[in-house]
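Trainee: Listed here are the chains, written in short residue letters.
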Amino acid sequence: MTAIIETRKKVLPQTEGLVEMNWDPITRIVGSLGIFTKIDFKNKQVAECYSTSSIFRGYSLFMKNKDPRDAHFITSRICGICGDNHATCAVYAQNMAFGVKTPPLGEWIINLGEAAEYMFDHNIFQDNLVGVDFCEQMVKQTNPGVWDKAQRKSAPHASIHGYRTIADIMTALNPFTGEFYRETLHVSRNTREMFCLMEGRHVHPSTLYPGGTGTAGTIQVFTDYLVRLMKYVEFMKKVVPLHDDLFDFMYEALPGYEKVGYRRTLLGCWGAFNDPATCDYSYANMANWGRSMFVTPSVIVDGKVVTNSLVDINLGIRILLGSSFYDHWQNEGEIFVQHDPLGNPVDKRHPWNQTTTPLRKSATSRTTTRG
Amino acid sequence: MAQVPEVHILWLTAGLSCDGDTVSVTAAEQPAIEDILLGGLPGLPKVHLHNPVLAPEVGDDFMKYFYQAEAGQLDPFVLVVEGSIPNEDIKSEGYWAAQGTDPDTGQPIPTCEWIDRLAPKAWAVIAVGTCATYGGIHAMEGNPTGCMGLADYLGWQFRAQSGAPIVNIPGCPVQPDNFTETVTYLLYQAAGVSPMIPLDDKLRPTWLFGKTVHEGCDRAGYYEQGDFTDHYDSPKCLVKIGCWGPVVNCNVPKRGWMRGIGGCPNVGGICIGCTMPGFPDKFMPFMEEPPGATFSTTAVRSYGLMITSLRSITNSTVNKEPKWRHRGTQLTTGHKGNHTQEGTHDGHY
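First to last, the sequence lines map onto chains A and B. Going by the working numbering, the first sequence opens with residue 1, and the numbers climb by one from there. Going by the working numbering, the second sequence opens with residue 1, and the numbers climb by one from there.
These aren't lab readings, by the way, just hints derived from the structure by calculation. Heads up, the beta-carbon is just placed ideally off N, CA and C, and yes, glycines get one too. Treat the hints loosely; a few may be bogus.
Claimed, not checked - Quick list of in silico lysine to aspartate or glutamate cross-link-like pairs, EDC-like style, CA-CA up to 16 Å:
1. A/Lys-64 - B/Glu-141
2. B/Lys-46 - B/Glu-6
3. A/Lys-66 - B/Glu-288
4. A/Lys-66 - B/Glu-57
5. A/Lys-64 - B/Glu-57
6. A/Lys-140 - B/Asp-218
7. A/Lys-38 - A/Glu-48
8. B/Lys-121 - B/Glu-141
Claimed, not checked - Facing chain B, according to a computed beta carbon distance under 8 Å, are these residues of chain A, among others:
9. Ala-93
10. Thr-177
11. Leu-315
12. Arg-318
Stated by the list, open to error - If you only want the chain B side, here are some residues facing chain A, beta carbon under 7 Å, derived:
13. Glu-34
14. Pro-56
15. Ile-90
16. Ala-98
17. Ile-137
18. Pro-144
19. Gly-146
20. Met-148
21. Leu-199
22. Pro-205
23. Trp-207
24. Phe-286
The shape of chain A in the complex, shown without the other chains (with noise of 0.2 Å):
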């Protein structure tokens, strides 16, 4: 089964010369983030950092000794973002559980209002959350010098994006004033009608049930779709170019600024969109169907797959807390799942065996928990 890699590398302490930074809240991203750091500005570095989420609701608790079939409605209501991916899991989760199987139609629906969904995200985070930081206010405020640049640089693809200087797409990505920020909104809606002619409404859907969905899927609904699918790409054909232009840019008056986020290369995914003619949700066929997702199932470490079978994923998987304001449950909780149906061990700190416990003595006066 999968190995757990340790990854991460001790911090040495150092007292002498940092400096205290804090963003409390962290805006344009759900989830009430807070960072705190210690900032080690002679060798550039940060030496310490933590981050808090400061909301905790609870869901693992009151979802306790509820019919299982509205766990979808209720899990939605996790992320007012991403609501529709909390739903589309578990519907998957719940046909494995009750042995049923989403009709093929059903199967499209929900593939294609989490396309959308997608799309969606892609616009909203790319161009209304994230772009801002790439914004004429924003530069003029940060880094002047790299505004004074950006005036100057023409904008290589400025015959497909029309905007004629890289200060120009800064310019167009001010919030709410920008015409390309407006623009990106306005599509952004486009994709949300698309979702919401299979899936209701956005952000929580309406018409996903455990093996099926209430969507009439008539020739209608998907031409309408298909009408709103071109107009989507029609409009990307102009943002790739944007941001290509945009970020080559950064890249060449930032020098090192495509350091930022450079780590090593650890990455997990547990796939997306079934295919109707292999996926029949047994847990069984899983590493299968798994495969046969359109987006394939993998663990990848330092650039080399590890594997892509579903079930070696899902079994590696662990809850670990050793930062977090919750006390473990490995000694006092309930073990739910000593094997999986194929008689693999399922480890204790395995969502499966989840136990949510928040901490009641804190180890500091600061008890930030995460829910």
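Fit chain B to the supplied structure of chain A, relying on the hints for placement.
Mentor: Same frame as chain A, now just chain B:
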């Protein structure tokens, strides 16, 4: 009400929320959020929005508006609260929800404290989404936080500086246009051109929540004909498979989710009552037939079957064209005009 040239909107998403109401509101088009912010509607005050999911500012730069509002420097401001209000009094330490760090103590500032600081000074207070209005999903039975709606926390008799009660706009999430339209109404009220916002006893705008899902549902015709589905993939009435539409205050089937597209029972999703004070507990298990529906559907079925059979006779009649539409040399329309070899254009039209 004196006219005001500028209004700040301070939006706390740090209730027990999912930020889904903010995200939903970015879908609005009647009006769109940018219509409100960029002066697209004549006569609105200039609006400054401070929402953590959308704000360009981060950390202290974002928080300064909340301190300024507390100090009375942003008058008038509208306070929008998203998420259920946790009960911070049921434990001896820690907190359930917070936003920002107290510069003096280094401790998080609980959301409840922000509400205590800002609500009494706000020109209007809006609770957006079912969590903030009535508690919602996070307030379901067995929850550890003891959370509740904003009116449960501040008191149902609370009055903002404008004299208006808390304005509740429920929905899980809120229907995008329901929110922006209500904000627009309040801004016109602030501008002195609209009277006090009309609210029902659950503090909902009457024009949005005065009708039931059923009254606006395009499947209600199937109900009237006693034609109920017992499976998902059907255009017929969903009451037998768990739809609560006949007793739920919500305009979504009528208005659609956005640009008239989507919804719940009108597009095949059972109504789980997500706009209601009793949500979710009084509607669970969601996928069971509501208790009252057994009686009402039985009662309507005999009437519906009879009416349907009579209608099918009439329907087959009206599906036939009148008999005078045909080729041939004879005119059988009943026209009494003077036909000549030259034609029929004899001025009788």
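Trainee: Now, for every hint given, state plainly whether the structure supports it.
Mentor: Hints and how they fare:
The hinted pair formed by A/Lys-64 and B/Glu-141 meets the criterion: a straight-line CA distance of about 10 Å does not exceed 16 Å. Straight-line distance between C-alpha atoms of B/Lys-46 and B/Glu-6 comes to about 5 Å, which keeps the hinted pair within the 16 Å bound. Restraint check for A/Lys-66 and B/Glu-288: the C-alpha separation of about 13 Å stays at or below 16 Å, so the hint holds. A C-alpha spacing of about 41 Å is found between A/Lys-66 and B/Glu-57, which places the hinted pair above 16 Å, so the restraint is violated.
The straight-line distance between the Cα atoms of A/Lys-64 and B/Glu-57 is roughly 39 Å, outside the 16 Å bound, and the hint therefore fails. Taking the CA atoms of A/Lys-140 and B/Asp-218, the gap is about 52 Å. The hint is violated against a cut of 16 Å. For the suggested pair A/Lys-38 and A/Glu-48, the alpha carbons sit about 5 Å apart, so the restraint of at most 16 Å is met. At most 16 Å may separate the alpha-carbon atoms for a hinted pair to count; B/Lys-121 and B/Glu-141 exceed this at roughly 33 Å.
For A/Ala-93, the interface hint is violated, the least distance from its beta-carbon to any beta-carbon of chain B being 16 Å, above 8 Å. For A/Thr-177, the suggested interface contact is upheld, since its CB lies about 7 Å from the closest CB of chain B, less than 8 Å. The beta carbon of A/Leu-315 comes no nearer than 30 Å to any beta carbon in chain B, farther than 8 Å, and the hint placing it at the interface is violated. Hint status for A/Arg-318 relative to chain B: violated, with the closest Cβ pair at about 24 Å, above 8 Å.
Because the beta carbon of B/Glu-34 sits about 5 Å from the nearest beta carbon in chain A, less than 7 Å, this interface hint is met. Interface hint at B/Pro-56: satisfied, since its Cβ lies 5 Å from the closest Cβ of chain A, which is below the 7 Å cut-off. Residue-level restraint check for B/Ile-90 is violated (minimum Cβ-Cβ distance to chain A is 12 Å; threshold 7 Å). The interface hint given for B/Ala-98 is met, as the beta carbon of that residue sits about 4 Å from the closest beta carbon of chain A, less than 7 Å.
For B/Ile-137, the shortest C-beta to C-beta distance to chain A is roughly 4 Å, which falls under 7 Å, so the interface hint holds. Interface restraint check: B/Pro-144 against chain A, minimum CB-CB distance 4 Å, threshold 7 Å, status holds. A distance limit of 7 Å between C-beta atoms decides the matter here; for B/Gly-146 the minimum to chain A is near 11 Å, and the interface restraint is violated. At about 13 Å, the closest approach between the beta carbon of B/Met-148 and any beta carbon in chain A exceeds 7 Å, and the interface hint on this residue is violated.
Interface hint status for B/Leu-199: violated, as the beta-carbon distance to the closest one in chain A is roughly 25 Å, over 7 Å. Taking 7 Å as the C-beta cut-off, the interface hint given for B/Pro-205 is violated, the closest approach to chain A being about 20 Å. With its C-beta approaching chain A no nearer than about 21 Å, B/Trp-207 sits outside the 7 Å limit, and its interface hint is violated. Checking B/Phe-286 against chain A by beta carbon gives a least distance of about 5 Å; that is within 7 Å, so the hint holds.
Violated hints, in rising order: 4, 5, 6, 8, 9, 11, 12, 15, 19, 20, 21, 22, 23; the structure is consistent with all others.
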